[in-house]
Amino acid sequence: MNWEQQLKLQAWIDGELSESDARRVAAMVESNATARALAEELRMARAFISANEPVVAVPESRDFYWSQIRRRIESPETVREPVAGLSWSLVWRRLATPLSGLALVAFLAVISFNSFRSPVIDDGSRFMVEVENLSEDVGSISYRSQSENMFVVYLYKKDQDVDSETSAGSSDDTFFQ
Amino acid sequence: MATQPEKPDVPDEKLVRRAQRGDMVAFEELIARHRDKIYARAFSMMRNEDEATDLSQEAWVKGWQRLKQFQGESSFVTWMTRIVINLCLDQLRKHKRQRAESIEHLDEELGGVERQMPTVTVNPTEGLERTELRARIDRALNQLSYEHRTVLILHEFEDLEYKEIAKRMECSIGTVMSRLFYARRKMANLMASYKREEMS
Chain A
1 MNWEQQLKLQ AWIDGELSES DARRVAAMVE SNATARALAE ELRMARAFIS
51 ANEPVVAVPE SRDFYWSQIR RRIESPETVR EPVAGLSWSL VWRRLATPLS
101 GLALVAFLAV ISFNSFRSPV IDDGSRFMVE VENLSEDVGS ISYRSQSENM
151 FVVYLYKKDQ DVDSETSAGS SDDTFFQ
Chain B
1001 MATQPEKPDV PDEKLVRRAQ RGDMVAFEEL IARHRDKIYA RAFSMMRNED
1051 EATDLSQEAW VKGWQRLKQF QGESSFVTWM TRIVINLCLD QLRKHKRQRA
1101 ESIEHLDEEL GGVERQMPTV TVNPTEGLER TELRARIDRA LNQLSYEHRT
1151 VLILHEFEDL EYKEIAKRME CSIGTVMSRL FYARRKMANL MASYKREEMS
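As they're listed, the protein sequences go chains A and B.
Going left to right, the first sequence walks through residues 1 to 177 as the working numbering numbers them.
Going left to right, the second sequence walks through residues 1001 to 1200 as the working numbering numbers them.
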């Protein structure tokens, strides 16, 4: 018996096979003494384990055990979880952050594309782009280099330290050029 | 919060409804009824009294927090058992990360071992008293790695299907099958060796 056949034999015992596979395994068990012995061993092990789960009791008195649970329940950090799903305002807040980031990206991409596409006179006015970030959670820093013809916007989560995130190369960082 | 005295014949369902309304006395009664079962599940997975006590208590706290989500599709104790199992699995994952031990490494290490074990043909549990049999099973469970023990517990004690075990343990169904196969064969062989010890 190969490894796959052994696992199929076990799956057959556990009732996890399709009807056609189960028929094939049953035929193998019928004709193969090794398969039959293995099937017997697996059945026996399953039976004695499942019927004899070790019994253990809490090693503390009812009152002491409950007092520890109660203290945890009543601690200020423990709050009952809401029954229903998320409220609309929370869903909106969660969606607003990535959406505002995406909108900003799209806006900057269009502006950058338009500014660099046509060779206009470099009077500096083509870089006069106003970037407005409406997100409460995402901050932005922009950098413009006229000599290198480059405009970079760096987005970051407001609750994170910009310098450390830059050096760590977090996946949340986004550069646009 | 209501503080009515408890009667032992009050069904779980009634206590759950009262606890869902914030009645801590009813909740305490539920704990008293099922604490050993919840603790036993934690202990069988963690094999450590302190951790089992801590995780079982944590499960009760989570149960209290989520009580309003309990709709009664399963029994209360089944629902609580699932909570404690999830907490134990999280804790075991933390242990595993600390040990920097990968599942792949473990599987490689054990690959083929189950094929070298002799097939146990004589029932090694025959003639044993229930208490002794349980003690031996407990001893044998202790010899398994936590991955093999957990699969065995989820399948044999919790009656979960391969697919459900794979989901909970965050591994493939093939891995579940392989671990279960090894765990059963190892248990059969360990029980046979205890029998031989007894005879000699």
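Bear in mind the hints are in silico, worked out from the structure with no lab data behind them.
One should not assume that every hint holds.
Capping the alpha-carbon separation at 20 Å, the derived lysine to aspartate or glutamate pairs in DMTMM-like fashion look like this [claimed, not checked]:
#1 B:Lys1167 - A:Glu148
#2 B:Lys1068 - A:Glu74
#3 B:Lys1037 - A:Asp63
#4 B:Lys1068 - A:Glu77
#5 B:Lys1096 - B:Asp1023
#6 B:Lys1062 - B:Asp1050
#7 B:Lys1163 - A:Glu19
#8 B:Lys1167 - B:Glu1197
#9 B:Lys1163 - A:Asp21
#10 B:Lys1037 - A:Glu60
#11 B:Lys1195 - A:Glu53
#12 B:Lys1163 - A:Asp14
#13 B:Lys1096 - B:Glu1170
#14 B:Lys1037 - B:Glu1170
#15 B:Lys1037 - B:Asp1159
#16 B:Lys1062 - A:Glu74
#17 B:Lys1062 - A:Glu16
#18 B:Lys1068 - B:Glu1013
#19 B:Lys1195 - A:Glu77
#20 B:Lys1037 - B:Asp1012
#21 B:Lys1163 - A:Glu4
#22 B:Lys1094 - B:Glu1073
#23 B:Lys1167 - B:Glu1132
#24 B:Lys1163 - A:Glu16
#25 B:Lys1037 - A:Glu53
#26 B:Lys1068 - B:Asp1023
#27 B:Lys1094 - B:Asp1054
#28 B:Lys1062 - B:Glu1132
#29 B:Lys1167 - A:Glu53
A quick look at each hint next to the structure:
1. B:Lys1167 - A:Glu148: violated (52 Å)
2. B:Lys1068 - A:Glu74: Distance ~17 Å between lysine 1068 of chain B and glutamate 74 of chain A Cα, so the pair holds.
3. B:Lys1037 - A:Asp63: Measuring from Cα to Cα gives roughly 17 Å; hence the hint holds.
4. B:Lys1068 - A:Glu77: Holds: lysine 1068 of chain B and glutamate 77 of chain A sit about 18 Å apart, inside 20 Å.
5. B:Lys1096 - B:Asp1023: violated (39 Å)
6. B:Lys1062 - B:Asp1050: With a Cα-Cα distance of about 18 Å, the restraint between lysine 1062 of chain B and aspartate 1050 of chain B holds, given a limit of 20 Å.
7. B:Lys1163 - A:Glu19: Holds, because 18 Å separates the two Cα atoms, which is no more than 20 Å.
8. B:Lys1167 - B:Glu1197: Between lysine 1167 of chain B and glutamate 1197 of chain B the Cα gap is close to 39 Å, so the pair fails against 20 Å, i.e. violated.
9. B:Lys1163 - A:Asp21: holds (18 Å)
10. B:Lys1037 - A:Glu60: Status holds; Cα separation ~14 Å.
11. B:Lys1195 - A:Glu53: holds (19 Å)
12. B:Lys1163 - A:Asp14: holds (12 Å)
13. B:Lys1096 - B:Glu1170: Holds, at roughly 13 Å.
14. B:Lys1037 - B:Glu1170: At roughly 25 Å apart (the allowed maximum being 20 Å), glutamate 1170 of chain B and lysine 1037 of chain B break the hint.
15. B:Lys1037 - B:Asp1159: Satisfied, since the Cα-Cα distance of roughly 15 Å is no more than 20 Å.
16. B:Lys1062 - A:Glu74: holds (12 Å)
17. B:Lys1062 - A:Glu16: Violated. Lysine 1062 of chain B to glutamate 16 of chain A sits at ~33 Å, over the 20 Å cutoff.
18. B:Lys1068 - B:Glu1013: Holds - the C-alpha atoms of glutamate 1013 of chain B and lysine 1068 of chain B are around 13 Å apart, at most 20 Å.
19. B:Lys1195 - A:Glu77: violated (51 Å)
20. B:Lys1037 - B:Asp1012: holds (15 Å)
21. B:Lys1163 - A:Glu4: Judged against 20 Å, a Cα distance of about 18 Å means the pair holds.
22. B:Lys1094 - B:Glu1073: Violated - the C-alpha atoms of glutamate 1073 of chain B and lysine 1094 of chain B are around 31 Å apart, more than 20 Å.
23. B:Lys1167 - B:Glu1132: violated (34 Å)
24. B:Lys1163 - A:Glu16: Holds: lysine 1163 of chain B and glutamate 16 of chain A sit about 10 Å apart, inside 20 Å.
25. B:Lys1037 - A:Glu53: holds (11 Å)
26. B:Lys1068 - B:Asp1023: holds (12 Å)
27. B:Lys1094 - B:Asp1054: holds (15 Å)
28. B:Lys1062 - B:Glu1132: violated (35 Å)
29. B:Lys1167 - A:Glu53: violated (23 Å)
In this structure, the hints that do not hold are numbers 1, 5, 8, 14, 17, 19, 22, 23, 28, 29, in rising order.
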